[in-house]
Amino acid sequence: MGKKINPMGIAVLVFAVLLITLTTIHLTGLGSQSPNPVGNAMQRVLSPIESAIWNLGDGIKDNFRAIFSFRTVKAENEELRKQVETLTGDNLQLKQQVLAALRYQELDAVFQSPSLESYEKIGATIINRNPSAWYQTVTVNKGSDHGVKVDDPVVANLGLVGKVISVTPKTSDVLLLLDGEGQVGAFARGNKGEAIFGIVKGTYKKNTRLNSSGELEMNFRQDDEVNAGDLVYTSGLGEVYPKDISIGVVTEIKIDAKGLLKVASIEPIVDFDSLEEVYVVSIPEGSR
Amino acid sequence: MKRFIVMLLILIVCLILPGTIFHYWSWAGIKPDLAMLWVIYIALHHRPTQGIVYGFVIGLIVDFYLGRYIGLYAIILAVVALLISMLQQRWYRENIPLTMVLVFIVTVLGQTLMALIATTAGLNWYLGDAVKVILGISFYNCLLVPLTYPFVHKSFTEGILQPKKKIEQQL
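Residue numbers (the working numbering), protein chains in the order written: chain S, 1 to 288; chain X, 1 to 171.
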């Protein structure tokens with residue numbers, strides 16, 4: 001004889017479980033800093049395996065690419081040679097500008113702008129990507145043992161990648177700019193050199209399956225003079241990212257549906273898909 | 001006991017692969033939701049209540065692993081298991097094309113729920129982009145069925161994942 005099922009009891013149980021779960025979802029959102037010992041333990045055990053697979057995958061990808069796309073690699077090589085010539089010319093011009101910039105930096109020190117150069121950087125390798133297509137985070141192989149803290153900005157050689165959202169002793173999770181919650185205070189440098197402030201946030205606009213680079217979005221006022229080709233940098237406002245880290249280039253500007261704002265699409269300078277190494281910028285406690 | 005360990009090991013593989021190997025095989029950032037696929041397979045071979053409990057517990061493990069919005073996957077995978085148990089009464093478990101359709105439908109529903117709850121909780125997604133991701137994940141999951149389901153089904157019916165006899169009789 002089976003046990004009698006009390007429908008009321010089941011309803012209460014389901015309701016209680018739902019209520020508790022919805023509360024924990026709410027409490028454990030981004031920036032909540034809620035402890036996650038189970039997740040941290042899993043991360044500690046699984047990160048060596050993830051790291052090994054990742055290294056193997058990179059090795060296979062690099063070698064196969066060279067073998068199977070020999071023609072592309074050759075064309076790419078020629079293209080790069082041409083670029084080297086152009087860049088050498090540009091470099092000379094830039095050197096002159098660097099001299100001018102050095103003078104500017106002397107002045108800048110007076111205003112104590114928190115620029116990237118003044119902080120220590122910790123080199124880290126990406127060992128895992130988020131298994132869910134909904135979250136845009138990566139795991140890197142440096143953690144609190146190496147001095148990484150939550151909210152530390154993460155950069156690559158060319159520009160901003162994101163920020164640290166959770167830390168274990170040996171690994172940390174980095175929220176990419178592409179994530180739906182990866183907003184960053186920024187400004188676009190207009191053609192007259194003026195800064196136009198706004199907020200850059202992640203979208204998920206990938207036009208074709210071949211174009212694997214995600215795009216960012218930034219809102220401006222109707223009368224702001226933003227043009228395609230303008231560079232976008234961090235503004236240093238919001239107390240997470242230092243000022244003047246490059247984010248991307250404005251590719252397209254549209255008027256939003258209500259006609260109040262200009263919405264600019266921004267192509268990030270960093271190629272998030274092929275990112276392998278990053279730097280965690282260690283910002284000393286109390287200086288935010 | 002051995003059965004649970006194998007199920008847990010498969011879950012861990014399901015968590016590691018999308019972040020590593022499937023990153024190289026992703027289409028515009030879209031990769032399969034293997035944890036959801038695994039819960040669908042488990043629910044197909046268990047009674048509704050057991051399936052829902054498995055879905056909830058597996059979802060909780062996934063949530064801890066992801067470390068964000070803990071409880072989100074738990075609810076969604078429990079609902080996925082519930083949907084499977086409702087649908088599978090009219091479905092042939094042995095038929096692979098039908099199972100593919102089932103996986104597609106349930107993944108679409110599960111991922112839609114995921115997008116809705118995540119958006120309410122604070123994740124920013126545009127409707128059009130979310131639809132693209134939902135359909136992409138569902139299609140990817142559905143494509144993996146012919147490659148994985150025959151082994152999983154065999155294992156659940158006569159192999160290491162086979163439920164105990166007593167449970168079998170109640171079925």
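Heads up, a few of these hints could be off.
List of simulated lysine to aspartate or glutamate pairs, DMTMM-like, C-alpha gap at most 25 Å [what the hints assert, rightly or not]:
| no. | chain 1 | residue 1 | chain 2 | residue 2 |
| --- | --- | --- | --- | --- |
| 1 | S | Lys262 | X | Glu94 |
| 2 | S | Lys163 | S | Glu79 |
| 3 | X | Lys132 | S | Glu252 |
| 4 | S | Lys149 | S | Glu194 |
| 5 | X | Lys132 | S | Asp256 |
The set of hints was computed from the structure by calculation and includes no laboratory data.
Results of checking the hints against the structure:
1. S:Lys262 with X:Glu94: The given pair, whose Cα atoms are some 55 Å apart, is violated under the 25 Å limit.
2. S:Lys163 with S:Glu79: 34 Å, violated
3. X:Lys132 with S:Glu252: Since the Cα atoms of lysine 132 of chain X and glutamate 252 of chain S sit roughly 22 Å apart, the hinted pair holds (cutoff 25 Å).
4. S:Lys149 with S:Glu194: 33 Å, violated
5. X:Lys132 with S:Asp256: 22 Å, holds
The structure fails to meet hints 1, 2 and 4 from the earlier list, while all remaining hints are met.
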